Amino acid sequence: MRFETNLRRALGLGSAKSGVHSWIMQRFTAIALIPLSLWFVGIFILHLKAPFDISYRQFSSPWTMTLSVFFILVMFYHGYLGLKVILEDYIPHELTKWLLIMLTKFFSLFMALLAIVSLFRIFLK
Amino acid sequence: MRSLLKKKRPLSPHLQVYKIQITSLLSIMHRGTGIVLYGGAILWTLWFVALAEGPHAYVEMQNFLLSPFGLMMLVGWSFSFFYHLCNGIRHLMWDLGLGYDMSTVRLSGGLVVVTSLLLSCIAWMIGIWAGGNYT
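Quick mapping for you: the protein sequence lines, in order, are chains A and B.
At position 106 of the first sequence the residue is numbered 106 (the working numbering), and the sequence of numbers has no breaks.
In the working numbering, each number is its position in the second sequence, counted from 1, plus 1000.
Hints are computed from structural coordinates only; laboratory data are not their basis.
It should be emphasised that the depicted structure is a prediction, and the values quoted were computed from it without experimental measurement.
Keep in mind that a hint or two might mislead.
Claimed, not checked - Some chain A residues well away from chain B (every beta-carbon gap over 12 Å; in silico): (1) Asn-6; (2) His-21; (3) Ser-22; (4) Pro-51; (5) Ser-61; (6) Trp-63; (7) Thr-66; (8) Phe-70; (9) Leu-99; (10) Met-102.
Said to hold, decoys possible - Quick list of in silico lysine-lysine cross-link-like pairs, DSBU-like style, CA-CA up to 35 Å: (11) A:Lys-105 to B:Lys-1019; (12) A:Lys-49 to A:Lys-105; (13) B:Lys-1019 to A:Lys-97; (14) A:Lys-84 to B:Lys-1019; (15) A:Lys-125 to A:Lys-105; (16) A:Lys-84 to A:Lys-105; (17) A:Lys-49 to A:Lys-125; (18) A:Lys-84 to A:Lys-97.
Claimed, not checked - What follows is a set of in silico ranges between Cβ atoms, one per label pair, in the way DEER data are often shown: (19) A:Leu-95 to B:Leu-1111: 38 to 44 Å; (20) B:Trp-1129 to A:Val-20: 43 to 49 Å; (21) B:Gly-1131 to A:Glu-94: 25 to 31 Å; (22) A:Trp-63 to B:Ile-1089: 21 to 27 Å; (23) B:Ser-1103 to A:Ile-86: 25 to 31 Å; (24) A:Phe-52 to B:Leu-1098: 42 to 48 Å.
All C-beta atoms, glycine included, are put in the ideal place defined by N, C-alpha and C.
Please work from the sequences and hints to get the whole structure.
Take a look at the structure:
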């Protein structure tokens, strides 16, 4: 159903038609994060005081490794979408808003890659 | 004309106008804890980097996390995690169309706060128990 005239659409005043994807992905990643984050917080709590060797060995299993990479990707995607919504809500200046969103996107991707590269270095040794 | 109309479009939500209620407080906390968790995700990444670097960097990271400042951060992070998790499930229920009447909203809100505090305590008890096994 459309609630706007063609003129309003042409002027760019209506829905951008791309928000639904973000909204759905926010929920998909949220659902995936329920078991993943609980599992990972568990690992982290158990290894907080663990000696190096024990923590290192934890990530030598292909199952732990795959789940970790999956977790990192989903977590930073969810985080990026969340920060994006906050920026969209609270930064009124268009250019500043889009620059910050772009920066958040690059930073999230960079952090996810950094974590994954580190995990591979542990796994492949 | 276009820029004039665009400038007048409303931005949500006006934090300073409304009186704080349990519903709005929990909603603001959901965003707040979300930001804290993003910081936690960065810390997690740095923990992986330290682990990949070797024993020396790992021990340095561990000492930082177990210092008074590090522990304070971890306590804040753990509560933020369990709060965001519980309230996130509450949000997913709303997305399914469940629990919208005011009494249920207040009840589930209280439940979220109590459960997340409880889960944080359990997590720290497990953490202290696990830590005791290594020393």
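Now for the hints, and whether the structure bears them out:
1. Asn-6: holds (15 Å)
2. His-21: holds (15 Å)
3. Ser-22: holds (14 Å)
4. Pro-51: violated (6 Å)
5. Ser-61: holds (15 Å)
6. Trp-63: Non-interface label stands for Trp-63 of chain A: nearest chain B Cβ at 17 Å, farther than 12 Å.
7. Thr-66: The assertion about Thr-66 of chain A holds, with a minimum of 15 Å to chain B.
8. Phe-70: Given that every Cβ of chain B is farther than 12 Å from that of Phe-70 of chain A, nearest at about 14 Å, it holds.
9. Leu-99: holds (17 Å)
10. Met-102: The claim stands: Met-102 of chain A keeps its Cβ more than 12 Å from every Cβ of chain B (closest is about 16 Å).
11. A:Lys-105 to B:Lys-1019: This hinted pair holds, its Cα atoms lying about 34 Å apart.
12. A:Lys-49 to A:Lys-105: holds (33 Å)
13. B:Lys-1019 to A:Lys-97: Satisfied, since the Cα-Cα distance of roughly 27 Å is no more than 35 Å.
14. A:Lys-84 to B:Lys-1019: Status holds; Cα separation ~26 Å.
15. A:Lys-125 to A:Lys-105: holds (31 Å)
16. A:Lys-84 to A:Lys-105: holds (8 Å)
17. A:Lys-49 to A:Lys-125: holds (22 Å)
18. A:Lys-84 to A:Lys-97: Holds, at roughly 9 Å.
19. A:Leu-95 to B:Leu-1111: 38 to 44 Å: holds (43 Å)
20. B:Trp-1129 to A:Val-20: 43 to 49 Å: holds (45 Å)
21. B:Gly-1131 to A:Glu-94: 25 to 31 Å: Because 49 Å falls outside the window, the suggested range is violated.
22. A:Trp-63 to B:Ile-1089: 21 to 27 Å: holds (26 Å)
23. B:Ser-1103 to A:Ile-86: 25 to 31 Å: holds (29 Å)
24. A:Phe-52 to B:Leu-1098: 42 to 48 Å: holds (46 Å)
Consistency note: the structure conflicts with the earlier hints numbered 4, 21.
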